[in-house]
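A.B. asks: This is what each chain is made of:
There are 2 protein chains.
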Amino acid sequence: MSDVGRPRTPVLSRARIHLTALRIVDADGLAGLSMRKLAADLGVRAPSLYGHVASKDELLHAVANDLMEAVDISGFGTGDWRVGLRTWARSYRAALGAHPNMVPFLAFGPARRAASLRVADAVHGGLVGAGWPPRYATMIGASTKYLVVGAAMGSFARGFDDDVQVYRDRYPNLLDAPSLREHADEIDADSFELALDAFLDGLSTLYRTVVGRTP
Amino acid sequence: MSDVGRPRTPVLSRARIHLTALRIVDADGLAGLSMRKLAADLGVRAPSLYGHVASKDELLHAVANDLMEAVDISGFGTGDWRVGLRTWARSYRAALGAHPNMVPFLAFGPARRAASLRVADAVHGGLVGAGWPPRYATMIGASTKYLVVGAAMGSFARGFDDDVQVYRDRYPNLLDAPSLREHADEIDADSFELALDAFLDGLSTLYRTVVGRTP
DNA sequence: ACTCCAAACCGAACACTGTTAGGTTATAAG
DNA sequence: CTTATAACCTAACAGTGTTCGGTTTGGAGT
Chain A
1096 MSDVGRPRTP VLSRARIHLT ALRIVDADGL AGLSMRKLAA DLGVRAPSLY GHVASKDELL
1156 HAVANDLMEA VDISGFGTGD WRVGLRTWAR SYRAALGAHP NMVPFLAFGP ARRAASLRVA
1216 DAVHGGLVGA GWPPRYATMI GASTKYLVVG AAMGSFARGF DDDVQVYRDR YPNLLDAPSL
1276 REHADEIDAD SFELALDAFL DGLSTLYRTV VGRTP
Chain B
1096 MSDVGRPRTP VLSRARIHLT ALRIVDADGL AGLSMRKLAA DLGVRAPSLY GHVASKDELL
1156 HAVANDLMEA VDISGFGTGD WRVGLRTWAR SYRAALGAHP NMVPFLAFGP ARRAASLRVA
1216 DAVHGGLVGA GWPPRYATMI GASTKYLVVG AAMGSFARGF DDDVQVYRDR YPNLLDAPSL
1276 REHADEIDAD SFELALDAFL DGLSTLYRTV VGRTP
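Taken in sequence, the protein lines are chains A and B. Numbering-wise, the first sequence is residues 1096 to 1310 according to our numbering. Numbering-wise, the second sequence is residues 1096 to 1310 according to our numbering.
Hints were generated in silico from the structure; no laboratory data involved. Built from N, CA and C at the ideal position, the CB exists for glycine as well. Among the hints, erroneous ones may be present.
What the hints assert, rightly or not - A partial selection of chain B residues facing chain A, derived with a Cβ cut-off under 7 Å:
#, residue
1, A1134
2, G1138
3, G1245
4, M1248
Unchecked claim - With the Cβ distance kept under 8 Å, some of the chain B side facing chain A (calculated, not the full set):
#, residue
5, A1202
6, K1240
7, A1246
8, D1280
9, I1282
10, A1293
11, L1301
12, V1305
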């Protein structure tokens, strides 16, 4: 009558573990996820998890990979590289923004995440196919990723503290900083779109001089 | 003859603690910094640190603030907002790149870091002074930060794994990915400059339509 | 039907973490 | 010369990721 030993029907599964882990990270942050807490939420003890998952790190990578599946690279099929970049960047940012607490982890490069490699491949192929020299394709892919990751981190950080009022005297140009917090989401979204527009606009100019035709 | 009690001359100081902490983070990463290890490197036991530092978090914020002192905002004094943005972005990226392991921590917004607020104030003031409407100044500052933070995270992550070769068949467009690793620094630097150029170029166009004169 | 292996859980334990409480000693102030 | 306090210490707490070995069950092979 003890609760030791194999249960009649399996309690754990990789999918359920991933889902619960993500829910905890969303609710309590990356630091709020512990193997014991995760196990408790699953109605199990911590060591049992190691029959399904190699380590906490591997688990997080798997969850990260799940999230990256949502990134949309179909835009590169339109024949317009700017549409490809835009839809990629937007869906990428949306994927990160949906789980902001995962961003610090997701930012650690594609590494061996299959989903990220899939995207990197499509982006590079799309740009080269549109006429960009491979070297430029690499740099443009990197640049776009910078923008998205940076924006996601910024959103996550939510920047300015609650009592910025204290600094009013010393930083006169930040007088309206407190109001930023209220519209943080909107400002982040607008800033991202502005950056993307300006960036793509600048790239279009570059395209003409590098490739020698209009985009 | 015990090693308990107050020493003849003080062993610790805030400056020495900061310096040693940063050295550990540089060498062993953020996760490699523990209060016990830090204390050991300082020839002391962990609890002694708490006479000089409120918590590990506060310590890291202090170190982060030290790093942000190096960011250069003097470019906004030239009267050319593009020069201001460029020198800011470059020195910002350099400050982060000099201590890549600190980036994940530094990315958490200006918060109450005095040095970061100083910069934010100068940037906003410089842009508004150059004619940008406050709302645009906010977005441009945010966008630039996105780029810098994103680039710093990218550098930190170093992306592609050693044995990307494995994925050769599945990701045909990444055939030359392994070679990326060798020139990672160069590619990161070039990509950042490309992004900055394109971004500033796009902003110049925007400036003409928003402000109604050439930059 | 019976054996046997592997799957799936558990308890106990290890070495580690940040942090607090309270003890001990040296310096500086009155 | 007392007294306060600054600066270190030891001991301890609750928590972490992870491993080892135990217990029970399902299912495959004969």
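A.B. asks: State the violated hints by number, sorted upward, taking the hints as numbered earlier in the document.
C.D. replies: Hints 1, 2, 8 and 12 contradicted; others consistent.
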